[in-house]
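Number of protein chains: 2
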Amino acid sequence: MLETIAVGNEVGKDEYEESVPALREELVELQHELRERGFSVLLNLVGTDTHGCEEVYDRLHEWFDARYLAATAFDLPSDEERERPLFWRYWRALPRHGRVGVHYGAWTLGALAARLRGDLDDAAFTARIDHVERFERMLADDGTLLIKLWLHVPKKEFKKRLKRASKDPLEAQFVDERDWLMLEHYDDLVPLAETYLRGTDTASCPWTLIESTDARYRDLTVLRALTAALRGALERDDAARRAAEVADAEDAGAQDVVPTGDVLSGIDTTAALEKGEYGDRLEELQARLHSLAARACAQGVSTVLAFEGWDAAGKGGAIRRISAAVRARLIRVVPIAAPTPEEKAHHYLWRFWRELPRAGRMLVFDRSWYGRVLVERVEGFASRDEWKRAYAEINDFEQQLVEHGIVLCKFWLEITPDEQLRRFDARRDTGYKRYKITDEDLRNRARRDDYVAAVNEMVRRTSTDVARWELVSSEDKRWARVRVLEVVCDALSARLD
Amino acid sequence: MLETIAVGNEVGKDEYEESVPALREELVELQHELRERGFSVLLNLVGTDTHGCEEVYDRLHEWFDARYLAATAFDLPSDEERERPLFWRYWRALPRHGRVGVHYGAWTLGALAARLRGDLDDAAFTARIDHVERFERMLADDGTLLIKLWLHVPKKEFKKRLKRASKDPLEAQFVDERDWLMLEHYDDLVPLAETYLRGTDTASCPWTLIESTDARYRDLTVLRALTAALRGALERDDAARRAAEVADAEDAGAQDVVPTGDVLSGIDTTAALEKGEYGDRLEELQARLHSLAARACAQGVSTVLAFEGWDAAGKGGAIRRISAAVRARLIRVVPIAAPTPEEKAHHYLWRFWRELPRAGRMLVFDRSWYGRVLVERVEGFASRDEWKRAYAEINDFEQQLVEHGIVLCKFWLEITPDEQLRRFDARRDTGYKRYKITDEDLRNRARRDDYVAAVNEMVRRTSTDVARWELVSSEDKRWARVRVLEVVCDALSARLD
Chain A
591 MLETIAVGNE
601 VGKDEYEESV
611 PALREELVEL
621 QHELRERGFS
631 VLLNLVGTDT
641 HGCEEVYDRL
651 HEWFDARYLA
661 ATAFDLPSDE
671 ERERPLFWRY
681 WRALPRHGRV
691 GVHYGAWTLG
701 ALAARLRGDL
711 DDAAFTARID
721 HVERFERMLA
731 DDGTLLIKLW
741 LHVPKKEFKK
751 RLKRASKDPL
761 EAQFVDERDW
771 LMLEHYDDLV
781 PLAETYLRGT
791 DTASCPWTLI
801 ESTDARYRDL
811 TVLRALTAAL
821 RGALERDDAA
831 RRAAEVADAE
841 DAGAQDVVPT
851 GDVLSGIDTT
861 AALEKGEYGD
871 RLEELQARLH
881 SLAARACAQG
891 VSTVLAFEGW
901 DAAGKGGAIR
911 RISAAVRARL
921 IRVVPIAAPT
931 PEEKAHHYLW
941 RFWRELPRAG
951 RMLVFDRSWY
961 GRVLVERVEG
971 FASRDEWKRA
981 YAEINDFEQQ
991 LVEHGIVLCK
1001 FWLEITPDEQ
1011 LRRFDARRDT
1021 GYKRYKITDE
1031 DLRNRARRDD
1041 YVAAVNEMVR
1051 RTSTDVARWE
1061 LVSSEDKRWA
1071 RVRVLEVVCD
1081 ALSARLD
Chain B
591 MLETIAVGNE
601 VGKDEYEESV
611 PALREELVEL
621 QHELRERGFS
631 VLLNLVGTDT
641 HGCEEVYDRL
651 HEWFDARYLA
661 ATAFDLPSDE
671 ERERPLFWRY
681 WRALPRHGRV
691 GVHYGAWTLG
701 ALAARLRGDL
711 DDAAFTARID
721 HVERFERMLA
731 DDGTLLIKLW
741 LHVPKKEFKK
751 RLKRASKDPL
761 EAQFVDERDW
771 LMLEHYDDLV
781 PLAETYLRGT
791 DTASCPWTLI
801 ESTDARYRDL
811 TVLRALTAAL
821 RGALERDDAA
831 RRAAEVADAE
841 DAGAQDVVPT
851 GDVLSGIDTT
861 AALEKGEYGD
871 RLEELQARLH
881 SLAARACAQG
891 VSTVLAFEGW
901 DAAGKGGAIR
911 RISAAVRARL
921 IRVVPIAAPT
931 PEEKAHHYLW
941 RFWRELPRAG
951 RMLVFDRSWY
961 GRVLVERVEG
971 FASRDEWKRA
981 YAEINDFEQQ
991 LVEHGIVLCK
1001 FWLEITPDEQ
1011 LRRFDARRDT
1021 GYKRYKITDE
1031 DLRNRARRDD
1041 YVAAVNEMVR
1051 RTSTDVARWE
1061 LVSSEDKRWA
1071 RVRVLEVVCD
1081 ALSARLD
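In order, the protein sequence lines correspond to chains A and B.
Sequential numbering from 591 applies to the first sequence in this note's numbering.
Sequential numbering from 591 applies to the second sequence in this note's numbering.
Simulated from the structure, these hints should not be mistaken for lab results.
The reader is advised that the hints may include incorrect statements.
In this list, chains with the same sequence are indistinguishable; a pair is considered to hold if it fits within one copy or across any two.
Said to hold, decoys possible - Think about it this way: if two alpha-carbon atoms lie no more than 30 angstroms apart in a straight line, the pair counts; the simulated BS3-like pairs of lysine-lysine are:
1. K750 - K603
2. K934 - K746
3. K749 - K603
4. K757 - K978
5. K865 - K750
Based on the provided sequences and hints, a complete structural model is requested.
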């Protein structure tokens, strides 16, 4: 597959100079059209021709309107990156909608180097390919146009270029272990790369393989691939808009279908704790959590807690019982409200990725990524397609956290509508809690049936092996607080040495 | 000063429980009022009572509306932080307007630990105090309410608490070198802290010293200090609004005063290069820059280049001649357009701080922080007070870059109005450059006189020892590109071993 493209393609100077101006003009026109539509474009540059990748990387700054370009060359990860799940460094570099991101290396080089290094065995490499395929699909679904270019030179040429670089006292510093790994295992690399390229070559995120020995051929082919990809994205977007109009009409009928089965009604809302017992249990569990959190820090184990539940269900109170038990420097509480414009200009999971804690820390989300399939679904902020595919995206996200060794707990705090109303009334009477109640709370209350359907579907679809939902009755706040603490303590205990 | 506050203050349980509810209620009301006005609040917690600081840090999460709280405990810096100027880690943690930031340790602990460790001598410590004082004033000027709390316990108590923590196998990991340093040099620490506290105790950012031996006294005093500070900020804001109305009226007259002296007219706009000579010089300088950039990377020396100039003066072209010469992974070009809402919700320098490169990299700003005293001044986006004080803030910022060892060059590209018009016309005729011209460009052109005044004042006020302006005639693009390359090469040469 790779060797077959090395047929000695060349482009003469005349042809190059004749073709380039019109293509550049079209490229910039297309870039602006896509920008106006809020598309982001993400270009992945990678291949055996590392030198060529850098030359193309330079060209891209000339060809595109550089004001809307965001380029990242992925060197070896920093300590802040190593302490987070693998893809954190890629998430933090994602371009905002309307921008063209250029990534050199990124997750493709990461996967190949890890396999060559032996960090991944065959099975793990296959799993990584699946992971990448899902990750790229998620970006594409979110309106990102992914353009993946593999620049290829044969072994002899690769070796020649690498040797030349490594002998130059200044160039040598840029040759990192991954280059040598690729050369040393070139004969393994080619079939591995082919497996990877095939496994991630999908309809929405196809690969373009480019012979890179002749620079003019390479540049012209890249330029043509870019304009074709951008043009194609615009055409697909036109078609999608027409299709969306039809789908919206169908959607109106479909929304009435409430999924069967009600996991919430199975929660025992009579569970309660006496004040005295509560005090004892709270003290005991907080002391336990205090020490577990300290041990987790010593062992570099991070914890992520996600809290969902009805308004006034007592999320804040439960969270405070946790944060009061843990040393302040080890815990951070992130309340999730409506997204900022910056957050809106990214995939909805981006804001959660960027908050992920360093090794040994605890992060608590007061509301979470589940907003996508709760409030955004019910209020219509996300389209049917968007929230439907969110279940799989969320499962992927949580799996990555757990695979990185993070302790993940997610809680649904349940209260009855009557109890909720009592609490709203009580809040109105307590001065410093008045700010906690808004018109929105009352509006949400009116849509309880829609929310019940959404919660049920959420729990059924996202209770996975790696991340189970903990449904906690919060009718009695004391019971809920103790139960939450207990779950967190048990999860940490199970994970720590 | 510090020992005098240790007089054994205590608060009984009854007094505490009577006083707290009303204060908490007031605190939340004040927090929301300030939030609506777009104030940010930044609380610095520090002192010999490290244990008490963490307890208060917890309390703050209970007392404030935690949804608008952003807390950071500053441990030892990460590698990403160590590779940037000292204050980068503080900038990246600054709360956005409307939020309450809680910083534990931060620059106060940083300064004291550095002095005790011997990283700073007396003169450098004094300079650091000046720096902190200017930094805090800058935040205060920008509408941040700074509340600085020093929690104090006497040596005996400090020693007891630290020993107890260090003997506990789980607590011991949180005792870092800075704690031992403070204990070991406690007798030096007290006078140093007093010098620091006095030097940074200003009208807009005063210190509150709190005896911390009795937890109830400490908490109640903190709560009182917070409500008083927030209340005071609101009152000052009311007064400032009234004053601003008067000032605005005066402003209208003041804007006509054009500063004397015209540095721009001193630029020789006839400087030019023949095509042949240009080609030779360009090639030679790009080769030189290529190698210098690689050496800079090897030596961990970063470079920051700022480009300003008239629209169509050729900033982009000059920058491309630089980026084409440097390996793509070593250079990043950041075009500065109108700020995003996220950027607007911070100090105007925040967006530049967050972009600062890791060690050994080159960062190019296509337009820069000078927008504050150029477009924002002329178009009225910044008030007279804001752009007036920006000169000193910018000089401070640049000094920090240079003190960190960064090579800093700033360019003004000058063209005559006639040449500018010719280029606008030419752009309209070149398809792929059409997007580079906007109505704004034409509007700016009409205000050339205002801009000339602003540029003159900018150059005069911000050409400092550490960061001189390079005024480059760009009437002939070839001349400008070569000159820019030459300046960058010379600056790098001078800095490298």
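| request: Sort out which numbered hints this structure fails and list those numbers smallest first. | output: Violated hints (numbers, rising): 2, 4, 5; every other hint is consistent with the structure.
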